[in-house]
Amino acid sequence: MTPSLTIEDLRVSAGGVALVRGVSIRVAPGVPLTIVGETGSGKTLVAEAAMGTLAPELVASGRVVLGDAASEAGDRAARRHLWGRGIAMLPQEPWLALDPTMRVLPQVAQGHRFVRGLSMAEATARAREDLAALGLSGAATRFPHQLSGGMAQRVAVAAARAGGAPLLLADEPTKGLDSDLRSAVVALLRGALLAGGSLLCITHDVAVARALGGEVMVMLDGEVVEHGPAETVLTAPSHAYTRRLLAAEPEAWANDAIPGAGEELLSATSLAAERGGRRLFEALDLAVGAGEWVAVTGPSGCGKTTLGNVLLGLLRPAAGQVRRRAGLARTRYQKLYQDPVATFAPRLDLRTALAEAAALHGVPWSQLAAMLARLRVPDALLDRRPDQVSGGELQRIAIARALLADPVFLFADEPTSRLDPITQQETMAALREVSRERGLAVLLVTHDQAMARKVAGRQIALRAA
Amino acid sequence: MRGLRRIAARGHSPARLMGGTLVGLVVLMAILGPLLVEGSPTRQDLSAVLDPPSADALLGRDHLGRSVLVRLVHAARLSVSLGAATVVAAAVPGILLGLLAAWAGGWTDRVLSGLGDAVLALPGLLLVLLVVALAPGAFWPLFLGLSLAMWVEWFRVTRAASGALLASPAVEAARLLGFGPWHVLRRHVLPEMAPLFGTLAAFGFAGAVLAVGALGFIGIGLRPPTAEWGLMMVELLPHYDEAPLAMLAPALCLFALVLGLQLLAGRDPR
Amino acid sequence: MRRPPLLLLALTLWPGLTLAQQPLRVVAPFHVESMEPSRDGFNFTRMRVAETLVGADDGGLPVPQLASGWTLSDDRLTWRMTLRAGATFHDGSPVTAEAVAASLRRARAQPGPLANAPLTSITADGPGVVELRTSAPFTPLLAFLAESSSQILAPGSWDETGAVRRLIATGPYRLVGFQPPFRFEVERFEAWNGGPAPAIARAVYESVARGETRALMAESGRADLVFTLDPAGTDRLRRSPRVEVRVMPIPRTQTLKLNAGLPQFSDLRTRQAVSLAIDRDGIARGILRSPAAAATQLFPPTLAEWHVAGLAPLRRDPAAARRLLAEAGWTSGPDGILTREGRPFRFTLRTFSTRPELPVVAAAIQESLREVGIDMQVAVVVSSEIPAGHRDGTLEAALMARNFSLVPDPIGTLLADFGPRGGDWGAMGWASPELIEILATLGRSTEAAERAALRGRASTILQAELPVIPVVWYDHRVAISRRLANVSVDPLELSYRIEAMRWAE
Amino acid sequence: MGGVVRALLRRAVQAVLVTVLVSGLCFTLVRLLPGDQALRVAEGRYGYDRVTTASADAVRAELGLDRPAAEQFMAWVARLAQGDLGVSLVTGDRVVEEVAYQLGHTLLLSLAALSLALLAGPALGLFAGLRPGGVLDQAGMVGAAALRALPVFALGIGLMLLFGVTLGWLPVAGFHATENLVLPALALGLGLAAASARVARDATVAATSAPFFGFALLRGLTRAQAVRQHVPRNAAVPVLAYLGVNLALLVEGVVVVESLFGWPGIGHALSHAIAARDVPMLQGTALSLGLIFVALNAFTDLAILAADPRRRG
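Protein chains in written order, with the numbering used here: chain A, 1 to 465; chain B, 1 to 270; chain C, 1 to 505; chain D, 1 to 313.
Just to be clear, a hint being listed does not mean it is correct.
[What the hints assert, rightly or not] So the derived label-pair ranges between C-beta atoms look like this:
1. R242/C x L245/B: 52 to 62 Å
2. R223/D x T141/A: 54 to 64 Å
3. E242/B x R269/C: 55 to 65 Å
4. E242/B x G69/C: 28 to 38 Å
5. V182/D x R482/C: 24 to 34 Å
6. L162/D x G177/C: 47 to 57 Å
7. V5/D x R128/A: 26 to 36 Å
8. L96/B x K175/A: 25 to 35 Å
[As the list claims (entries may be wrong)] From the structure, some residues in chain B lie toward chain C, with a derived Cβ separation under 8 Å:
9. G65
10. T108
11. R110
12. S168
13. P225
14. P238
15. D241
[As the list claims (entries may be wrong)] Among the chain B residues that face chain C by a calculated CB cut under 10 Å, a handful are:
16. D45
17. R77
18. V80
19. S81
20. E235
Derived from the structure by calculation, the hints contain no laboratory data. Remember, predicted model here, so these are calculated numbers, not experimental data. Beta carbons: idealized from backbone N, C-alpha and C, even for Gly.
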């Protein structure tokens, strides 16, 4: 069978620095190819080179064969006319990729009308069929903001494929989705394959690669380090990086949940909370002891973060009571955030921010410096502003900052969900080390069931409200 | 050092640079002009009415034989100080009340916002007109009316921006760490709002200068023989044909100042 | 190149047709808020919609209008006005003496000059004669009847409350469109028999407040007759090939009213000093652009009967002014402002901008007075604050324009201005028993020589005492389209005289 | 359609605020003004040089101006509640009738200016925004900045001199023919059009760099098709929102432009009413202008709701 897409010896560089080197891929109908890699590995550049959407300042070489049309990788315009017809790209965060002012049906119909050249009525009819096939008949007249994330994902697939392209390109299709939605996306992509198309998927999530099957390619620093059938690569990796990547999956973590609950730091009785007049949870009883790890899981919008904020006293409960241990300052109950950048003053360098916090709590700089060193934060980073530091590093700085208040309880609100798997593992390990050492109790909010199982002695599962 | 870096980080577009130059020139004219150009702005010479430019009156003379240049620089001083005074008079209560409303929330916020909505229910100039009608030609009602109409803008912008900032994770984290209101204000709120305030000040300044001119045009601005650009234009309007320069000069100054301020301000914060 | 060429072509090909179809466009600054004669009636008499019983010639002497003639009884108390035979109202009904009497009685009930005349009765004597009786001899009655609020309307014009709803008058034009306060349209009234039938069939009046705009309308050919031009606009218009500009003196004088009840002005020497400080020539040349406009006395030469040729003219002499002020006890203070008994010589002058030159002249006077050490503040107010301040005594000084032909005979104006308690637009805190007696005698007397002597004496008193200080005499400035022929301008502003005009060939 | 109800309710509250504010403020201010109201009225009626204290006394008695202020105000509010704006102190005509006559002119002028701001401005902005940094973009934005910095009266005078005098194409005053509308509408609308051009330009740039635009291209639509399908509606939202905020400028401009061109609208009447201290007229005109402001705001709200489904919820 002829491959849908072949890339030969792709090289992408910026200002003489090679970002992608010697990458060759071949996507055959019916067999998905998944490229796995962390941020900056160059995997997205491969997809962009295939489409011809590389940024103008990037220099590309190599050959791209789409169907039976071959062209130079650097010739961006060469594949422009194949968009929608020969190659379709599924956007990241599809709820942003749909026109917010236009109903779903006409957006799907655009492909039929403008790419296939059907009449308005015919295009609309075909779009209706597409939506029905994806179980979206009821959503045809909705606007994008009225769709759930999963529905938007399906609409985007329908819209992307309406032009009739046999090859579907999906770049991080699970970005920003809950774990339970991930399997739905995988099913969706597999559905596209079944219809006789072919699929190139770019992801940082090993679980997606595993679920899709087919072939897997692992990229690191612009190069392919491993390539082969999914079952081989993901079960018997040959390259060290692949092994680290697999080990970084929470499923593979060592099961060293900290069981020991010390004296009670915090308790809640028949707690209830609301958001926008909607009851999120009620009749919740909870107690957290010193050094204990408690995981809170549940689908998006179920009130996980709200629960933590109520326990910290940042929000008022709708009913019930929260009791913190008497005699402890409020500052000994701290919080870690999902997006650490937003928790620092954006125009202030980190050194000043930390120094002020240290001064507030009477902690000498040397002690803070020692902690930063233990958390493997290079001192030079402190002269930067928060947005100039990577997510993993900043989260570790945030941990150091929280520790300045000598906390007994830490509410960690999805602290690693935006990090690459390996960074996630490292950050979590650092937090666990600190916790064990100081007897710090942690309430961890996560949507990753596996992680919750591995790290927490206790789990609270909230249901969708 | 940090300040320098911050300015560099904000960057200056060519438009900002040009705006800054224009405003700088007019401000310089306001400060130095009256010192460099000698003469009284009200000194008349009825035998030299509408004379063309000459050595002792570089921009010619107006309909009462007064030197246009002398009046121009004194008018610059008036417009610049009136604009600045209005901005301060509108900004100080506007910012304080905006912070108060955002910080306190609840009834304080509701009452203050209601007050703001009431003022905004009417177009600003209408309000100024009604206040100025009390004593047309005088300085204080004009100043009061402009400040009254303009503080709401500051209040609303401050309230909205500081409200969002106060609800940000950064502030939440700072408060959890035990930092007090002053730290939150100094580190998290004011630095973030400074560019916004700059923009508002520039727009407010331009608005005040324009409003003074417009009021002069409909006959309730500052009282002659005050040298004020809007008034000068209106006074010289009947002579547009005989002394175009005398009418054009204040128009150009007004235009340069307003254009400069708008370029400096960048995008409308509303 | 000023108009699209196609239109130009049309104009050359069918000049007669185009011109005949176009209305005559008259532009002046005055608003027409209502049809009430005592409010805006002057617009309708000027546009020749309404007639008064009596008109006035250029010299202010009464001439027949709706009345073809009149007689005065020997006791000089009864006036018999004979109506023009065959005259009809615009609704076709005949003009009867009863209708005219009713109209005059209604006018007398409204505020206006007629209300101040010593009338005892207005009755019809047969179909063609109206009889007016006064309680005492009152020579200026004819002038009062020529005033616009005495215009004659048919009884059907007003409703039961006396409010004018329709304008059914007798003039050569009748009202066909009314868009207050800016515009009304008139059309030739074919049944008018007061003279030759008007040549122009339709005319439009538009009120345009800004002087520049009026001048521009004349210049761009969008108005045919423009009244009350600014001096600046006049010069520009003189260069335009489209229009002819006429400038003529009218009996209107710009005066400075001083509150002689104030300590600084009760002394005649200070009033004289103020007068000596004013640069009338500079104002006339520089601001009004009419060197002859500098006032040498209150009455301009157009008021030939009142203007006294031999009177010593008012002049400028700052040195003499300073001397007089020193004599009156004023000494120079620290900032160059005169003081007396520790008080600076400071006062506020009220003026208004309805006449755009007033604030400008006020600014000129302000500077002149500062040169002799007097600090005068200028407040541009609404004009009514002058009579208001006169009455409550808060007025210190005012700059204003006084029209002596409001009632064509100036005696009407003088009676109002220089009575025992002064007048809103005249003296304040000053009264001359002799002048009061002279004015009263003038109201009764009919003997020409006696009247002339009395008038001369009155002018002399005003010149010597300076209860109001004359500044400049006004010119009437009119722009006339060259498309118009047979145009004459009424110096008394009683009529725009459109019924006599025609389109130029 | 909850959004529509909410928007209209919000504007209804604003309308009440305007009414309360105008009636209270005007009355208080006019009471505080120095001078004799009756004399002013007499002046307005009979001309400034015919006013005497006697005629003022007649006016005072006729209009009940000698009654206490509170009594007069209560009477006015009571009549207002019945939709009666009273009688002009100057002309003696019913304010409702006068304002109704002026309203037509003001609406005509404002709508002409608004359509200029809504059609010409955004269209130019759209073209400029499609090629950001291009010649049209740069020239257009310089022109827009200049227009926005020009005072309305200076712009009006400039237009008058250019089109009325130098070129002689258009009349400088008058109001009875369509050609009379052109210059005032330009003077009033050009500034707004320039501002909305700038906003439309930025909105176009934002729309063409939005993910949905990129997705449309990736799906195979040509750039022209993608622009037609996605840009106008998305760019309309910020333009309308901007106009909504800047309607105050339109209403303020009305006062100045009507005075300059002698346009017989409410703004012109308002400045006259202030000068004549005609309380009912002042309140009537200020109220009308305020309510026009509210109504235009309400229309803008509805237009935004129509353009942006996200706000309808």
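Do the hints match the structure? See the list:
no.	hint	verdict
1	R242/C x L245/B: 52 to 62 Å	violated (27 Å)
2	R223/D x T141/A: 54 to 64 Å	violated (28 Å)
3	E242/B x R269/C: 55 to 65 Å	violated (40 Å)
4	E242/B x G69/C: 28 to 38 Å	violated (51 Å)
5	V182/D x R482/C: 24 to 34 Å	holds (27 Å)
6	L162/D x G177/C: 47 to 57 Å	violated (31 Å)
7	V5/D x R128/A: 26 to 36 Å	holds (32 Å)
8	L96/B x K175/A: 25 to 35 Å	violated (43 Å)
9	G65	holds (6 Å)
10	T108	violated (43 Å)
11	R110	violated (42 Å)
12	S168	violated (53 Å)
13	P225	holds (5 Å)
14	P238	holds (4 Å)
15	D241	holds (5 Å)
16	D45	holds (9 Å)
17	R77	violated (20 Å)
18	V80	violated (24 Å)
19	S81	violated (21 Å)
20	E235	holds (8 Å)
Hint compliance for this structure: hints 1, 2, 3, 4, 6, 8, 10, 11, 12, 17, 18 and 19 are not met, and every other hint is.
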